[in-house]
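One letter stands for each residue in the lines below.
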Amino acid sequence: MKARIKVTLKNGVLDPQGKAIENALSALGFDGVDDVRQGKYLELDIAETDEACARTRVEEMCEKLLANTVIENYDIELEAS
Amino acid sequence: MKARIKVTLKNGVLDPQGKAIENALSALGFDGVDDVRQGKYLELDIAETDEACARTRVEEMCEKLLANTVIENYDIELEAS
Amino acid sequence: MKSHVIVFPGSNCDRDVAVALENAMGHPPGMVWHGDTEVPETDLIVLPGGFSYGDYLRCGAIAAQSPIMRDVVKKANAGTPVLGICNGFQMLTETGLLPGVLMQNASLRYICKDVHLKVERTDTCFTHKYSTADILRIPIAHHEGNYYAGDDVLDRLEGENRVAFRYCSADGADGKNLPFEGANPNGAARDIAGIYNEAGTVLGMMPHPERLADPELGGTDGTAMFDALAEALQ
Amino acid sequence: MTAATAQITPDVVAEHGLSAEEYERICAILEREPNMTELGVFSVMWSEHCSYKSSRVWLSEFPTEGPQVICGPGENAGVVDIGDGQAVIFKMESHNHPSYIEPYQGAATGVGGIMRDVFTMGARPIALMNALRFGAPDHEKTRHLVSGVVSGIGGYGNCVGVPTVGGEVNFDESYNGNILVNAMCVGLADTDRIFYAVAERPGLPVIYVGSKTGRDGIHGATMASAEFGEGAEEKRPTVQVGDPFTEKLLIEACLELMTEDAIIGIQDMGAAGLTSSSVEMAGKSGVGIDLNLDHVPCREEHMSAYEMLLSESQERMLMVLKPGREHVAQEIFEKWGLDFAVIGETTDTGRLIVTHNGRIEADLPVGSVSSEAPLYKRPWTETPKPEPLAPESVPSPNSLGDTLKSLMGSPELCSRRWVWEQYDHMVMADTVGRPGGDAAVVRVHGTQKGIAVTTDVTPRYVGADPFEGGKQAVAEAWRNLTATGATPLAITDCLNFGNPERPEIMGQFASAVKGMSDACTALEFPVVSGNVSFYNETNGAGILPTPAVGGVGLLKDIGFRAGIAPQPGMGILVVFGVEAGHLGQSLYLREVLDRRDGAPPPVDLRAERRAGEFIRALIENGSISCVHDCSDGGLAVAAAEMALAGNVGINLRLGDGQITPHALLFGEDQGRYLVACGNETAAELVDASMSWGVPARIAGEIGGDLLTIDGGDPISLEELRARHEEWLPHYMNGD
Ligand SMILES: Nc1ncnc2c1ncn2[C@@H]1O[C@H](COP(=O)(O)OP(=O)(O)O)[C@@H](O)[C@H]1O
Ligand SMILES: [Mg+2]
Chain A
0 MKARIKVTLK NGVLDPQGKA IENALSALGF DGVDDVRQGK YLELDIAETD EACARTRVEE
60 MCEKLLANTV IENYDIELEA S
Chain B
0 MKARIKVTLK NGVLDPQGKA IENALSALGF DGVDDVRQGK YLELDIAETD EACARTRVEE
60 MCEKLLANTV IENYDIELEA S
Chain C
0 MKSHVIVFPG SNCDRDVAVA LENAMGHPPG MVWHGDTEVP ETDLIVLPGG FSYGDYLRCG
60 AIAAQSPIMR DVVKKANAGT PVLGICNGFQ MLTETGLLPG VLMQNASLRY ICKDVHLKVE
120 RTDTCFTHKY STADILRIPI AHHEGNYYAG DDVLDRLEGE NRVAFRYCSA DGADGKNLPF
180 EGANPNGAAR DIAGIYNEAG TVLGMMPHPE RLADPELGGT DGTAMFDALA EALQ
Chain D
0 MTAATAQITP DVVAEHGLSA EEYERICAIL EREPNMTELG VFSVMWSEHC SYKSSRVWLS
60 EFPTEGPQVI CGPGENAGVV DIGDGQAVIF KMESHNHPSY IEPYQGAATG VGGIMRDVFT
120 MGARPIALMN ALRFGAPDHE KTRHLVSGVV SGIGGYGNCV GVPTVGGEVN FDESYNGNIL
180 VNAMCVGLAD TDRIFYAVAE RPGLPVIYVG SKTGRDGIHG ATMASAEFGE GAEEKRPTVQ
240 VGDPFTEKLL IEACLELMTE DAIIGIQDMG AAGLTSSSVE MAGKSGVGID LNLDHVPCRE
300 EHMSAYEMLL SESQERMLMV LKPGREHVAQ EIFEKWGLDF AVIGETTDTG RLIVTHNGRI
360 EADLPVGSVS SEAPLYKRPW TETPKPEPLA PESVPSPNSL GDTLKSLMGS PELCSRRWVW
420 EQYDHMVMAD TVGRPGGDAA VVRVHGTQKG IAVTTDVTPR YVGADPFEGG KQAVAEAWRN
480 LTATGATPLA ITDCLNFGNP ERPEIMGQFA SAVKGMSDAC TALEFPVVSG NVSFYNETNG
540 AGILPTPAVG GVGLLKDIGF RAGIAPQPGM GILVVFGVEA GHLGQSLYLR EVLDRRDGAP
600 PPVDLRAERR AGEFIRALIE NGSISCVHDC SDGGLAVAAA EMALAGNVGI NLRLGDGQIT
660 PHALLFGEDQ GRYLVACGNE TAAELVDASM SWGVPARIAG EIGGDLLTID GGDPISLEEL
720 RARHEEWLPH YMNGD
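Which chain is which? The protein sequence lines are A, B, C and D, in order. When you number the first sequence by numbering that gives the first Met the number 0, it's gap-free, plus one each residue, and the end is 80. When you number the second sequence by numbering that gives the first Met the number 0, it's gap-free, plus one each residue, and the end is 80. When you number the third sequence by numbering that gives the first Met the number 0, it's gap-free, plus one each residue, and the end is 233. When you number the fourth sequence by numbering that gives the first Met the number 0, it's gap-free, plus one each residue, and the end is 734.
No wet-lab data here; the hints were simulated from the structure. Hints may contain errors.
Said to hold, decoys possible - Here are a few chain A residues that face chain C, going by a calculated C-beta distance under 7 Å:
| id | residue |
| --- | --- |
| 1 | VAL6 |
| 2 | GLN16 |
| 3 | ALA19 |
| 4 | ALA23 |
| 5 | LEU27 |
Where is the CB? At the ideal position from N, CA and C, for every residue including glycine.
All chains, full assembly: derive it from the sequences and hints.
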C-alpha cells in the first residue's frame, strides 16, 4: 500500500518557518495571506495489503520516528497500490 | 480560503532525507517499507473567496517561492473556510 | 577595485568575508542591505554565508526573492563577477544564476570541518593564483551542501569546464570510497564543491575561503582567492 | 470563569509549587488572598529557579570580587575587565528538564536563553560552550537524547552565527532519567557601554521588543490555563520552540540601539518571562511598574493575563527607555522586523499593577514579590569521606597498551568530534583554538588578545567527595585555561543537583560549594555568575552531583599560546607536577575494573597554583608552545591525545619504579601538565622547575609513528586513532 503522511505542528506551537514564509510572501506582493504553517509530507510504500494492519504499522512509525509527538500531529492516508 | 500545499521531489531526484528515514525505519524493525520520499506540507489562509482565483494565486506563490520547480512538484488543495 | 557584500537578515559570515576582502584590497568592501534595490557601481559582488531568513523554507530561497537580488542578477548577467559562498551559493542556485540545487547532506547532519579541494580551473578571476596541482584545505560549515543536478546538467557542467572545485582527500585522491568518513563530506554529485556560470564570472562554492585566510586561524589556503580577485579586478 | 476569579484551593497552591506556609506568607504580605493571576506571579517569582531559596545561603560563600571583576553575580551575567576598555560578559545556565522532554527544542532554547543573558548587557556573543551529561549509553533513551540535544544546540548557535567552541560530554547511568544540558555564552563589550537590569526612577516608558507572546512554557500553570482558559481549546503543549533567526535579528537590533543614548535598563525575558523581567527591574530600583497587557504583542487569541505574565515565549526583551527616545528604538526594531510596543511605565507606587481589558488583574508590592521569597537553610548531612585507595592495592592489567587503547575508545574518553563537527565552531573567523584542545581560544576581533574558555567538572569525584570534587572542578578549569597560556580571570557555574529537601543532597551541595569557594579563593578565580538547578531526580534517585564550572581566561597575545599538538623539533615530553599514582575514582578503576570506589584525587591548591604559574610563565615568554594537562585517564591518555593531535609517536617512560606502572600511567593526580619541547629546552625546564618548587620528570620521547610504553607494547597511531574516533559515530549510527 501507499501511505501518505502529513506531519503538522500542534496548535499554539510557534512556527518560525511559517512566519518567515508569510513575511516573504507579503514582501513579494501576495496580500491577504495569513496563518502560514509549515509541516512535513511523507510518502512511503508498505508491504502490508490489509488496510487496518497497514494503518497500525504506519501509526507506530509516526509515534516512534516520523513525528515528534510532543509538538507535532500526524495524519495518515492509505491507498492500495 | 484555506490552501493545503504538498511540495514533493520530482521523480528521479535524489532524496537523502527519504533514504535516511527508510534506513532508520528498517533499523527500528519496520520491514517491507520502500520508496520513502519526504516533502513539505504547507497550509495557509488566503483572502480570496473565488476558488479559481485562489488557485491561480497559490500557483503563482508556488512557482515564485514555495517550490523549487527545478526539482519539486506541488499539489494544491483548496477549501472554503 | 570596488567590491560589495550583500547583507541579508540572518547573514553571519558577512563580516568574515569583509575582513578577508579588506586584507586583500587594502580597503573595506561596501556593505549593501538586502532591502536596497541597487548595488552601487562595483567590480565584485559577494553573497556571504549564513542563514539568510533563517534558512527557512529552503536555504537561500527567500533571499533569492529579495529586492537587491534583482539587481545582482542583472549585474551578474552583464558580467560583474559574483562570488557566492555557502548560503550565497544556495542563493545563486535559487535565482537560477547557477544550475542545480544544494540538498541536505547525506548524513543529514550539519558538518563543520576542514575539507580538501582540488582546483579544477585556474583561468578565472577567482582562481588564477592557484595551480591545478594544488590541494586546498578549506573549511565547510553547512547542513545543505549536497550538490545535486540531473546527469545532463552535470555532463554539461563538466563538458564546459564549469566545475570550480571538487572534494578530495589530503593526497588528492577522489572523494569516494575512502575509509572512515570519505573525502566527500556531504554526498555531492561528482564531488562537486563549487561551480561557475558559463562565462566563468559567477562562482558558487560551499567551502569558506574566508575562514582560512589568516595564519592565526590555522591556514591561509583561502587567501589566494581574495588576492586573485584584488589583482584581477583592479 | 476567568483565572482571576477561580477558587484557590490547597491543591491549586500545591500545583503552583508553593507550600502551605509560603501561601500563608503571601496572604500576610497582601493582607488578603491573592487572585489566580497574582498567585501565578508569586509562584514563579518564589520558585526555586527564580528565588534561589534553598541555595542562596550557601552561594554567599563564593568569592566574587577581584580587581578584574566589573560586575559579579546578581545581574544577567558576570562582567570582567580584559583591558583596553573592553570586558567579557559570560554566564552558564541549565536547560535540563526541557531538553529531556524535547531534546532538540530544549537544548536550542537553552542556547538562545543564555545568549540573551549576555547581549542584554551590551555584549556581542563571541563564543558558546555546552556541558552535557547523558545516561548510560545502553539506556534506551540515550542515543535519541544525544542526537536531539546536539542537533538542537547546533541548530540554534549555527544559525545565529556564534561559534560553539567547546564543552563536555559524559555518560553515566545516574543521568538516565535526568540529562543535563548546560549552555554557556561569552560576549564582548566596551566597558563604558554595559547595560544593567534597572528601572531607575518613576515616569519612564517600559518597552516590549522581540517575538510575540504565545502560550509557550506555561508549566505548572498548564492546569490553570486548561481549566480557566476561554472556550474549549485543546490542551496546549508547553514546549518552547526556538527561533534562532529572530534571535539573530534581536541581537543586531539591541546592539544597534545600545549605540544610541536611549536605554536606561534592559532585561531579557527568560524563565517567567514578562513577570520576572518587570518585577526584577523594578525591584532593583525600588520603583513600581504599571503594565497594560492590552499592548503586549500576542501570537494567539484570547490570552489571559495569567498566561501572558507567565508565558516563556522565546526571543523577547523588556527595556526601560529614556523618555522621548521611544521613536529611536522603534525605528531600529522595525528596521529589523521585530515587534515593538510600549506596554507600561515605571511609577512611584512601589507596586506592580497589571491591567488587562480595562480590569486590574494584579496589584502587588514589587519589593515583596522580588525579594521577600522565603530563604531556607535546609537540613543537610555531610557525605561520608571515602578512604583513599593505595595504588598497590589496585590490580594491574594484563597489558598496559591494550588498557590504554580501550580507555581511549571508551565512551568517557573517546573523541567528541562527532559532536563538535555539528557545531559551527569557526564562524566569526576568530576561533584560533578549535575544539579538541584543553580550552578553546577565540581572538578578540581586530586585536592580538585572546579569550580562552573551558567547562569542567568530574561528577564521579564530586559524588565520592563533594568538597574535593568541588575544588577539583574549579582547579581543572583553571588548569585547562592555563594550559593554553591564558591567565584565568573568573568563572561562571551551573550547579546541578538532586532534591534539596533531602539532607544528603543538600549536604553534597553545601560541601561542593565550599570546595569550589576554597579553590576560587586560592586561585584568585572568582565566581561572577551562575545558576542552580535542583530536583534533577526521578523516583528518588538523584544524579551525580554536577557543579559544572565555566572558566574564562585572557591571553594578552595569541602569538604566545600553547596547543596540545607536538610540532616538528619537539622531541621530548616532560611532565610537571606531583605524581602519586592516585587511582581512587579513576576511569581506570571504572572502565577497566568496573569499580567506583576510593577517594577522588585531592587537589593541593598551593601546588596547583605554583605549577600553573610556572607553565604560564613559560608559554608567555615563548619557551614552550605545546602543553596538555593531565585529567581523566591520567598521563597515558593525555600523552595519547597529544600523539594523535600531532600525528606523531611517543615512547612513554615509566620513571624510577617508585609508582607501579599502571598507577603512574592511569592515576589521575591533579595539578599536572605534559609539555612537548626540544631536547635542550627540556633540560633547562627541568632545572627551572626546581626553583619554582614544581616537580618535573622526563616522561618520554616524541617521534616515529608508534605509541610505546617504555619500549614495549607498541600501538600504531592509526589503530589508536581508529579506536578513539570510532566509538561515538558508531554508537550514534546504532552499529
Ligand atoms: N559538548 C561539546 N561540545 C563541543 N566540544 C566538546 C564537547 N564536549 C567535549 N568537547 C571538546 O572535546 C575536547 C575534550 O573534552 P574533555 O575531555 O572534556 O577536555 P578536558 O579533559 O581538557 O576538559 C575539548 O576540546 C572539548 O571542548
Ligand atoms: Mg584538559
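Worksheet entry | Enumerated hints in conflict with the structure, sorted upward | Violated: hint 1 alone.
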